[in-house]
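Those protein sequences? They're chains A and B, same order as listed.
In the working numbering, each residue's number is its place in the first sequence (first place is 1) plus 78.
In the working numbering, each residue's number is its place in the second sequence (first place is 1) plus 17.
It is worth saying that the hints were derived from the structure and are not from the lab.
Since the structure is predicted, the reported quantities are computational estimates derived from the model, not experimental observations.
The C-beta atom is built at its ideal place from N, Cα and C for all residues, glycine as well.
One should not assume that every hint holds.
Over the 10 Å line for every Cβ pair with chain A, so calculated as not near, a few chain B residues [what the hints assert, rightly or not]:
# : residue
1 : H43
2 : L78
3 : S83
4 : L89
5 : R105
Straight-line Cα separation of at most 25 Å, DSS-like style, residue types lysine-lysine; simulated pairs [what the hints assert, rightly or not]:
#  : chain 1 : residue 1 : chain 2 : residue 2
6  : B       : K136      : A       : K385
7  : A       : K385      : B       : K99
8  : B       : K136      : A       : K81
9  : B       : K151      : A       : K81
10 : A       : K81       : B       : K91
11 : B       : K99       : A       : K395
12 : A       : K385      : B       : K91
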Amino acid sequence: MVKILNIKLLRDFVRLWTQALAIALVAAAGVGTMLISVGTYRALIETQQAYYERYDFADIFANIIRAPNRLLDDILAIDGVIRADIRIEKSAILDIPYMKDPASAKIISIPDIGNSSLNRLFVQKGHLPKGDKSNEIAISQAFADAHGFEPGDSFSAIMGGVKRKLTISAIALSPEFIYTVRDGEMFPDDKRFGIIWMRYSDIASAYNLNGAFNYLSVKKDKGASQAAIIKNLDNLLKPYGGTGAYDRSGQSSHSYINAELTGLKAMSFVLPPIFLLVAAFLVNMTLARLIALEREQIGLLKAIGYKSSTIAWHYMKLGLLVANVGIIFGWVFGAYASRLLAQVYAQFFKFPFLLFQDRPDVYLIAAFAALIAAILGSLQAVRATIRLSPAVAMAPPAPPIYRQFFLDRIGLSKYVPQGLIMALRNLSRRPLRAALTTLGISLATGLLIAGLFINDSLEYMIDATYFKADRQQATIISTKPLTPSAMQEIRRLPGVMVAEPFRVIGVKITNGNRQKRTILTGKPKNADLSRIIDLNLEPIILPEYGVAIPEMLASILNVKISDVIEVELLDGSDKKMKLQVSQIMQQFMGLGIYMEIGALNKILGESSLSNGANISFDTNKTDELFSLVKSTPTIAGITLLRKSLQMLRQTFGESIGIMRDVMIALAAIIVFGVVYNSMRIQLSERARELASLRVLGFTKFEVSVILLTEIFILTMLAIPIGFLLGTSWAGLVAYEYQTELFRMPLIIERSTYGLAGLVVFIAMLVSAFIVQRRISGLDLIAVLKTRD
Amino acid sequence: MTNNKKTAFRTENLVKTYGSGETAVHALRGVDLLMPLGEMTVLLGQSGSGKSTLVNILGGLDSATSGKAWFLDKELTALNDKALTNYRRENVGFVFQFYNLVPSLTARENVALVTEISKNPMSPEEALERVGLKNRMNHFPSQLSGGEQQRVAIARAIAKRPNILLCDEPTGALDSKTGIGVLEALVDINSELNTTTLIITHNAEIQRIAHRILFMADGQITDEKINRNPVKPSKVKW
Ligand SMILES: Nc1ncnc2c1ncn2[C@@H]1O[C@H](COP(=O)(O)OP(=O)(O)O)[C@@H](O)[C@H]1O
Ligand SMILES: [Mg+2]
């Protein structure tokens, strides 16, 4: 019915379009980030699930030293087991023609005929290996991409001490290796580590495993108890060197992806609310000003018989209209960007396909949230229209009340420039608006810090890991325990300067009814290359007796210093020992426990054995060293740490760069929206005052300075508040990311604060100058003629 | 006094006090008045004498501190906010000194603002024709002169065929020539539609066009005069 009011509404909207647009953009960012995080999260989790289902990703996994293939029947007989896949899994050093430094691979057997029954391969290019001693292999896609390998290409591998030439027949993907890392590592290095699949008969003889397997995957019935199956499996496999079955959470690819997905989900709880909050108070500021400006019109509408509720709704609709524009922008942007991000992720994770479905519910929820924000923002402002009595509204408003403020009171105002005085008086007259403007700019600053600090933390961890802890140039892993004389041989390899032995054993630790599987590492007490470091990056000196365990594990197991824990070896030896906890360590990563290698060997009743060595070498002899390593049968693998560091920076550098740009854009939108609106309101309120100054002979520049002083003061106030906000936010993010295995250090470099401050300041200047240009447009005569 | 006509407004000891204690302002100090239907009345008084306050209460824009006021049989001083809104919507047309047009609406739309919510309105075009502005109806307020804007305001006030037309200093912001044009429009409407009209002014000259003149000073009605021969606005000069 109230059509004419709607015409007014639309004309107001068009007149205020720049302000409306600035607010709509902020709301759009809220809607968009919600669609992106939820849309991408859902796409990935659905794709993951579909991938797991279509390619039969197993539920339970186990490593065994050697078990006969006939055990399969017993495994299938276990209650709740519906399918099982047995295979051989070995690691091998590769000799790739054009690459000097050695790469390594995990070699996995597939049945002689057909695909594996679980964790089936998706053949992306070529055909599955023929078998029959053809030396045909399938390789993982990431590895193929890193080298540009195509079916038909070949390279060599040392398998069971024998160098064999392998020919690629297929490039494949597997649900087991969506994220591919070497055992025990965090980050991928696709050039130096890949997966190779080969027919069973082609592998078995190389490792003397004919008729046997050393890796088992099991698919369980939906309703069956995982724990019961694991227990039964452990009993069955123990005699064959079973090291304990584990579920998907112990599978590295699966657990990494889940951690990533959790992070994505967390984003949907953090980002959108910030934007919607800012949008809400921008709506509030703008509507409040509009209502103040139109108080006479409101009085008139009341005088001629419009109901208060009709008038309130009229202004509310303006807020909703702005929200709706924001929603549409947000929908378009979110629909596009969530698809894009899901594709980027799918590529990073190597999914064979991507299920992306736009679901109306996220769109509706996001829209609903934006509308609620607009309503909350409008309510307080619109309430003023209801309270306004028509008789008062029609009378000219009382001149604004200025108060003395502290500079006046302490008599300092004499010494402060007039422009500053005006700005300060004006701010103190509208403390709420000044506070909201400050808050908006602080939120943007905080957002930047919370988004950018992850890079600092990552750099810190890189420094901690590669320069403070693992300072070796390379790690050599042997195929079997090395005797002291074998260690001597490694020391005599060309160029090797220092070689420190280490020993790694899978263990199960028990304290009362608490249990945890982890890795026990033995290292020399005064290790200089590979050290254990604490949170302050200080090396930890291993105690001469007993074990050192990380704080996180201590709390999982509920043990204190000098408690005794039971340690069961998972190397097939079935050995159990009682060890005293002699040190509790604070660390960033890992649940691994440590002992002095001599003490470890003594307890094991063995003399000075090791699994490999950390070495440093003369880089001039690199070629010689590597070619020898590649052809030494006892060496199963070599990891070059500095090389993987480069790779790491490459892998993460790109996504961190994108993240940084997105955060900067989002923060800039907030600052722009806040500053633009608050200055437009300023300008409208003080148009008379500023025009009077112009009449008095002030230049445009001088008048601009007066207008800019206020927003400058607020920004200068907001930035440090934003620093505080951002720091505590970052702390929260770091805490959220914390898992059993990983503690993110809260490191915020000065340069990050600097960048955040700079971005905010520049965004403020840009929007301020856009508003400032309107001062030239101030119609001096018209402004002075209108009634205030 | 002409007692044969029905009464439009009647008040009894109407008091309005703004604020309280030492800073209290006594805008109305016991106003008793009687205003017959169909007449053109002028309320004359100096600035600050309480004219606007009185008219605001009669028009249902404001409430009295004490005393009573009736419109026909309706006791205005007993109505709540919602009922007052309805009273204004159904009975009263307002014209203010500063026109109070909605700047984002055209002349026609400003009038339609009222016709949309009235029961038996004339068309905005007809209302604008009555004030001689039909040809400017698609202009925005900023494109009209002061006198034209005030005539749009009058068209807006009469479009709903109100029982009462309350005009608070309708010529206050206008030069005399334009002001006279506005008064002519008001007189025409009073005679053609028989709308009871109350014009507030501090300009003594304007009393000559009215049937009845109320004099106000210091919050009270001090005198009342009946004008047997109102003159045409064109004869008035100031
Ligand atoms: N809202 C208000 N608050 C306080 N005093 C007021 C208010 N409105 C009017 N007054 C005072 O009441 C007195 C009468 O005002 P008003 O009715 O506007 O006079 P007039 O219309 O005759 O000029 C004046 O002294 C004025 O200052
Ligand atoms: Mg007045």
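(request) Compare the structure with the hints numbered earlier in the document and write down the numbers of the violated ones, lowest to highest. (result) Violated: hints 2, 5, 10.
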